[in-house]
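Peer 1: The listed protein sequences derive, respectively, from chains H and U. According to our numbering, the first sequence is numbered sequentially starting from 5. According to our numbering, the second sequence is numbered sequentially starting from 3.
These aren't lab readings, by the way, just hints derived from the structure by calculation. Hints are not guaranteed to be accurate.
[Said to hold, decoys possible] Derived, one-sided and incomplete: chain U residues facing chain H with beta-carbon distance under 7 Å:
| no. | residue |
| --- | --- |
| 1 | PRO46 |
| 2 | ARG96 |
| 3 | THR107 |
| 4 | THR112 |
Values in this document were obtained by computation on a predicted structure and should not be read as measured data. Yeah, the Cβ is synthetic: ideal placement off N, Cα and C, and Gly gets one too.
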Amino acid sequence: GAVVSQHPSRVICKSGTSVKIECRSLDFQATTMFWYRQFPKQSLMLMATSNEGSKATYEQGVEKDKFLINHASLTLSTLTVTSAHPEDSSFYICSAQDNYEQYFGPGTRLTVT
Amino acid sequence: QQQVKQSPQSLIVQKGGISIINCAYENTAFDYFPWYQQFPGKGPALLIAIRPDVSEKKEGRFTISFNKSAKQFSLHIMDSQPGDSATYFCAASRTGTGNQFYFGTGTSLTVIP
Chain H
5 GAVVSQHPSR VICKSGTSVK IECRSLDFQA TTMFWYRQFP KQSLMLMATS NEGSKATYEQ
65 GVEKDKFLIN HASLTLSTLT VTSAHPEDSS FYICSAQDNY EQYFGPGTRL TVT
Chain U
3 QQQVKQSPQS LIVQKGGISI INCAYENTAF DYFPWYQQFP GKGPALLIAI RPDVSEKKEG
63 RFTISFNKSA KQFSLHIMDS QPGDSATYFC AASRTGTGNQ FYFGTGTSLT VIP
């Protein structure tokens with residue numbers, strides 16, 4: 005149980021384009037999902053907290069107009085990186101909350117060329 | 003400010019040995035302490051978790067020791083195996099809807115045959 009999927013697992017896009025990453029809780033409903041960014045050999049950096057049916061809460065320093073988060077249902081949250089730049093290249097990981105636990109997706113490797 | 007401090011940054015252990023990773027926290031409101039295991043290119047996977055009402059929890063070869071008065075907790079991996087080679091993150095949270103997890107900086111464990 006408590007499986008979270010992400011799609012795509014890898015994506016390469018050109019500078020200036022937008023890319024959407026999906027995060028799904030497969031066997032439970034998640035009122036709250038989280039989006040993280042992870043740089044090589046570093047810890048997880050929380051970007052935003054996504055609540056179903058309401059606006060996401062962004063961490064300080066995260067541009068909400070650049071990283072658009074939508075949590076339209078209890079099993080799906082999406083992160084759209086708009087006008088991507090090479091510095092946005094990173095490993096993006098989502099998690100979904102089930103009771104008091106967070107279950108993580110497998111991550112999405114974004115490369116912006 | 004780092005809410006959870008983790009050490010060591012890296013650890014090399016012989017096969018069959020004991021791996022010990024330590025974490026310390028400041029916020030006494032934290033009441034849930036999970037450990038995650040992450041392999042390269044994958045999302046973190048929940049390994050074991052503890053609440054402060056117990057001082058120790060064991061699951062197979064993995065044990066969490068918790069010292070509430072010292073605000074410290076540690077992960078012990080008994081009979082370490084090469085397959086345990088991964089990055090381990092401790093975390094702390096205050097349970098509740100939308101609870102944020104505060105992660106340690108991670109420990110890269112290498113188990114040599």
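Peer 1: Output the indices of the hints that this structure fails to meet, ascending.
Peer 2: 2 and 4
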